[in-house]
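If you want the building blocks of each chain, they are given just below.
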Amino acid sequence: MRDAPDLIVVGAGVVGAACAYYAARAGLSVTVIDRGPVSAGATGAGEGNLLVSDKEPGPELKLALLSTGLWRELAELLPPAVEYEPKGGVVIASDEAGMASLRDFAARQSRAGVTAHELPAGRLHELEPHLAPDLAGGFHYPQDAQVMPALAAAHLLRAGGERVRLLLGEEVTGLITGANGEVRGVRTPSGPVRAPCVVNAAGPWGGRFARLAGVELPVLPRRGFVLVTEPLPRVVRHKVYAADYVTDVASGSAALQTSPVVEGTPAGPVLIGSSRERVGFDRSLSAEALRRLAAGATALFPVLAGVRALRAYAGFRPYLPDHLPAIGPDPRAPGLLHACGHEGAGIGLAPATGLIIARCVTGGEPPLDLRPFRPERFERPSSDPL
Amino acid sequence: MPASESDPHAPVDGLGPVRGDGPVDGLGPVRGDGPVDGLGPVCGDGPVDGHGPVYDLAVVGAGCAGLSGAVTAAELGLSVALLDASAQTGGQYYRHPAPALGAVRPEALHHDWSAFAELRRRQEASDITRLTGCHVWAVIREDGDLWAVHAVTGADGDGERPVRVRARALLLATGAYERQLPFPGWTLPGVVGAGGAQAMLKSGLVLPGRRIVVAGSGPLLLAVAASLAAAGARVPAVVEASGYLRYARHPRALAANPQKLAEAAVHGAELLRHGVRVRTRSAVTAVHGRDRVEAVTVSRLDREWRPAQGTGRHIECDALAVGFGLVPQIELAAGLGCAVRRTADGTSALVLDPLQETSVPGVWAAGETGGVGGAQLAREEGEMAGLAVAARLTGRSALVRSGRMRELRRRRARMRAFADVMAAAHAPGVGWTRWLADDTDVCRCEEVTAGRIREGVAGLGARDVRSVKLLTRAGMGWCQGRMCGAAVACLASGAEAPPPSAERRPLAVPVTLSALASLDEPRAGPEPRGR
Amino acid sequence: MARDPVELAGARPGPPFEITFDGRAVAALPGQSVAAALWAAGILAWRTTRVGGRPRGAFCGIGQCYDCLATVNGTPNRRACLVPASPGDTITTQEGHGHAGLGV
Chain A
0 MRDAPDLIVV
10 GAGVVGAACA
20 YYAARAGLSV
30 TVIDRGPVSA
40 GATGAGEGNL
50 LVSDKEPGPE
60 LKLALLSTGL
70 WRELAELLPP
80 AVEYEPKGGV
90 VIASDEAGMA
100 SLRDFAARQS
110 RAGVTAHELP
120 AGRLHELEPH
130 LAPDLAGGFH
140 YPQDAQVMPA
150 LAAAHLLRAG
160 GERVRLLLGE
170 EVTGLITGAN
180 GEVRGVRTPS
190 GPVRAPCVVN
200 AAGPWGGRFA
210 RLAGVELPVL
220 PRRGFVLVTE
230 PLPRVVRHKV
240 YAADYVTDVA
250 SGSAALQTSP
260 VVEGTPAGPV
270 LIGSSRERVG
280 FDRSLSAEAL
290 RRLAAGATAL
300 FPVLAGVRAL
310 RAYAGFRPYL
320 PDHLPAIGPD
330 PRAPGLLHAC
340 GHEGAGIGLA
350 PATGLIIARC
360 VTGGEPPLDL
370 RPFRPERFER
380 PSSDPL
Chain B
0 MPASESDPHA
10 PVDGLGPVRG
20 DGPVDGLGPV
30 RGDGPVDGLG
40 PVCGDGPVDG
50 HGPVYDLAVV
60 GAGCAGLSGA
70 VTAAELGLSV
80 ALLDASAQTG
90 GQYYRHPAPA
100 LGAVRPEALH
110 HDWSAFAELR
120 RRQEASDITR
130 LTGCHVWAVI
140 REDGDLWAVH
150 AVTGADGDGE
160 RPVRVRARAL
170 LLATGAYERQ
180 LPFPGWTLPG
190 VVGAGGAQAM
200 LKSGLVLPGR
210 RIVVAGSGPL
220 LLAVAASLAA
230 AGARVPAVVE
240 ASGYLRYARH
250 PRALAANPQK
260 LAEAAVHGAE
270 LLRHGVRVRT
280 RSAVTAVHGR
290 DRVEAVTVSR
300 LDREWRPAQG
310 TGRHIECDAL
320 AVGFGLVPQI
330 ELAAGLGCAV
340 RRTADGTSAL
350 VLDPLQETSV
360 PGVWAAGETG
370 GVGGAQLARE
380 EGEMAGLAVA
390 ARLTGRSALV
400 RSGRMRELRR
410 RRARMRAFAD
420 VMAAAHAPGV
430 GWTRWLADDT
440 DVCRCEEVTA
450 GRIREGVAGL
460 GARDVRSVKL
470 LTRAGMGWCQ
480 GRMCGAAVAC
490 LASGAEAPPP
500 SAERRPLAVP
510 VTLSALASLD
520 EPRAGPEPRG
530 R
Chain C
0 MARDPVELAG
10 ARPGPPFEIT
20 FDGRAVAALP
30 GQSVAAALWA
40 AGILAWRTTR
50 VGGRPRGAFC
60 GIGQCYDCLA
70 TVNGTPNRRA
80 CLVPASPGDT
90 ITTQEGHGHA
100 GLGV
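Chains as they are written, first to last, in numbering that gives the first Met the number 0: chain A, 0 to 385; chain B, 0 to 530; chain C, 0 to 103.
If you are wondering where the hints come from, they were derived from the structure by calculation, not from laboratory data.
Hints are supplied without guarantee of correctness; some may be wrong.
[Stated by the list, open to error] Beyond 10 Å from chain A on every Cβ pair, some chain C residues (computed):
1) Thr70
2) Asn76
3) His98
4) Ala99
[Claimed, not checked] To spell it out: a stretch of chain A is covered by chain C in this simulated footprint if at least three of its residues, at any positions, have a beta carbon under 8 Å from a beta carbon of chain C; those stretches are:
5) 219-231
6) 318-325
Heads up, the beta-carbon is just placed ideally off N, CA and C, and yes, glycines get one too.
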């Protein structure tokens with residue numbers, strides 16, 4: 000039997016991969032366990048957005064700005080196959096009222112460290128020649144970028160080197176706990192794996208995993224559909240989305256919300272999002288969601304009308320009620336750390352999350368204030384000494 | 000009941016204006032002023048709500064199974080919509096030349112043509128609403144326990160108007176497509192599917208070459224070789240990876256299905272007459288030629304389909320027709336959550352109850368979708384499904400307790416037993432992957448090589464078809480993994496048999512964004528108007 | 000024994016008409032698909048792949064494999080095995096995705 004690792008990461012998505020990578024870089028040995036293959040959950044269903052443009056000033060934006068820099072470093076290290084593209088985002092307003100609120104939003108973001116350039120209507124087509132005529136204007140966010148998420152996770156795991164061991168196709172069925180309830184490892188059908196620390200990077204299934212440790216973390220799946228077109232030359236240069244995307248992302252509603260998000264990929268297909276609805280883990284196709292995605296995308300880019308969608312897929316974002324992830328040690332279960340609940344921003348926020356987890360495990364100074372991400376923040380007020 | 004359209008076999012058989020820019024190209028019976036949605040019957044006497052007619056039964060696929068199910072249900076008084084991508088009925092098995100080719104002996108290309116002619120006669124005499132040129136991209140459950148069948152239209156699915164047909168019950172008779180296993184050179188022009196060569200011959204009266212090697216595995220190979228030879232091609236060899244001896248281990252299944260033996264004997268006699276040599280336990284392991292096929296290498300195989308070193312035989316030819324059996328086409332059912340099972344030859348098929356219903360109530364299936372079994376079985380399963388749907392919708396439970404139903408169930412059991420023997424005899428051996436060089440393209444669409452797939456499995460954490468797709472792009476292209484799926488499943492799972500998985504293709508066929516954008520708004524309230 | 004498929008099926012099609020493939024005249028029979036007409040003229044490839052630039056043509060013959068994509072009358076990515084040939088059709092070898100004109 001192998002020596003026990005220093006750290007177990009449950010979940011081989013991009014967040015788990017980043018946790019493993021930064022922990023390994025800090026000298027720890029890591030075992031990553033997943034019941035499926037690498038990138039099989041939300042990571043494999045994501046578009047690979049590394050965005051600052053859609054975030055309000057606040058703790059998530061701080062995490063995103065830190066991650067943006069870390070992704071730039073990682074892009075130097077990882078092979079070109081991860082398709083890192085620092086292409087920038089363009090947010091579009093269809094009318095003057097939308098433009099005014101974008102202007103206000105961008106001004107507040109600028110004070111928090113985001114670079115945003117106003118694009119008058121006349122300049123939109125310099126950046127995106129195929130955009131529809133008659134749009135009111137927009138903002139250009141040069142810090143936005145994109146990666147191919149499934150490959151980014153796979154190559155991050157690989158970049159961890161020999162200190163990272165993968166246990167794929169193994170479902171965690173329970174936790175091993177010590178005399179005082181402290182977490183000491185996990186059980187799998189092929190035997191226990193012991194380690195002093197266990198990281199919950201189970202994405203949409205993070206709530207279920209937390210329950211194995213006897214703690215509550217209200218992660219809910221928020222379903223999204225993505226349409227994938229036939230291969231095209233570069234027809235969309237940036238990540239382009241309509242201003243109401245920001246409102247939809249921040250909404251807590253369970254009902255279907257859609258706002259067009261359109262971007263090209265180095266491989267050729269254009270990806271079209273985004274929809275949000277809370278319907279559990281139901282994969283069945285929604286004609287209405289697809290109709291709205293297609294209508295929104297063709298309204299922004301009329302040239303896409305005759306282009307064919309080859310594929311569509313559903314994915315489940317790990318949603319927490321305040322739209323912030325849970326990152327860091329869980330005081331209710333010593334030895335357990337959480338790195339989940341990033342909703343639709345997990346690809347972008349993964350490196351900062353991984354760095355934080357590695358610092359927590361090695362006793363280092365976290366790179367930013369962790370209080371907004373406390374995993375226990377959803378405990379009912381009755382148990383809160385306030 | 001919806002009125003049927005006027006003669007669906009009108010002169011050009013539904014395929015009117017066939018230029019790509021025609022407004023309703025390929026769409027068969029369309030009233031000029033019909034609603035986009037539901038098309039066909041717009042007369043007032045059918046069950047209609049604010050979104051057009053609601054049929055009792057929508058049948059997807061007008062091959063043996065679908066046609067049989069549709070006529071059975073219609074003759075029992077159900078309103079039936081029958082959708083098919085083609086302009087003609089018959090599916091792949093009874094694919095035949097377009098009327099304009101003026102073929103007076105279409106039966107020369109088919110076994111048991113009269114069975115199809117009879118089904119077609121019954122369909123023409125029925126009230127069935129035939130919707131031709133309909134490429135179904137999804138079936139979605141709507142409020143009120145209705146099924147909405149969404150299709151794009153036109154010869155190539157690029158017509159202007161998407162179609163939505165709604166029905167109380169659904170019969171999926173979407174058939175099968177050919178299983179392919181890659182080998183060096185299989186992407187060269189002149190290498191065609193064995194079923195593909197036959198389809199092109201049956202519909203277009205053409206051949207891919209003059210000297211055609213037929214290779215792969217399965218009973219279809221003999222039929223294809225016989226057709227090609229009858230149509231004037233030289234067939235230097237039929238190369239079958241399995242042996243036929245395995246059939247002999249199941250004498251009861253053979254004896255109970257004399258018509259199958261008779262069919263095989265007909266093909267065998269035809270091949271003998273043309274001097275075609277059948278090489279068993281052999282495979283084409285390389286194709287030679289610069290820009291098109293010039294020759295193939297045929298190697299001997301061991302029991303696990305591993306090629307034996309030094310047995311390669313060079314055969315000159317200008318085309319290769321190759322296929323390794325059939326794969327049930329089940330993505331519409333899988334999209335609805337229907338349960339699947341693993342078949343004896345390693346494909347996935349739908350789990351069906353004794354009356355052909357899937358695990359999702361209200362959704363029936365017949366023919367190859369429930370496991371490949373041939374045209375006759377498909378016809379009888381279609382009839383059973385038609386009876387079962389009628390029994391459910393009209394409350395006439397006697398229909399499923401009838402002597403006819405008992406007889407059909409007996410015959411189905413007998414034919415399924417034979418199909419299982421055939422499937423086991425031709426199941427690919429694990430050694431076939433030894434044919435692959437690292438630079439052999441496995442995914443034809445995205446040009447992903449065997450080496451990259453092996454790297455994705457060994458080095459990046461892929462373990463199944465989906466994760467190989469995510470990490471290598473194999474299966475991400477136009478065909479959505481239909482051509483490479485079987486091969487990728489083997490490469491992803493190593494020597495182990497891959498677990499059964501319903502392939503997820505939420506869009507069963509490509510759909511233009513304009514067609515998606517023009518899908519109807521949802522109904523304002525739960526209560527349909529006009530009832 | 001039949002000399003060719005047309006004889007085997009006893010076909011008496013209407014008079015052939017002309018389509019062009021990369022500028023070359025090709026005879027097609029009424030009722031044939033674009034792919035069938037090209038095969039009848041001995042043409043097996045009418046597309047080059049996106050990555051390797053390799054020639055491709057009809058493979059599955061039933062609209063499932065999308066290998067037979069052709070540019071027909073200027074419209075790319077049409078399945079030649081499904082699209083019926085019409086008099087005067089202009090077929091051109093499709094390079095890659097067929098949408099080069101859209102690139103920005």
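Each hint tested on the structure:
1. With a closest Cβ-Cβ approach of about 14 Å to chain A, Thr70(C) is found to remain outside the 10 Å limit, as its non-interface label requires.
2. Not every CB of chain A is more than 10 Å from the CB of Asn76(C) (nearest about 7 Å), against its label as outside the interface.
3. With a cut of 10 Å on Cβ distances, His98(C) falls inside the contact zone with chain A, its closest approach being about 5 Å.
4. Against chain A, the non-interface label of Ala99(C) is violated: not every CB pair exceeds 10 Å, the least being about 6 Å.
5. Counting residues of the segment 219-231 of chain A whose beta carbon lies closer than 8 Å to any beta carbon of chain C gives 3, which meets the minimum of three for the stated coverage.
6. A count of 0 residues in the segment 318-325 of chain A with a Cβ less than 8 Å from any Cβ of chain C is obtained; the coverage claim is therefore unmet, three being the minimum.
The structure is inconsistent with the numbered hints 2, 3, 4, 6, although it conforms to all the rest.
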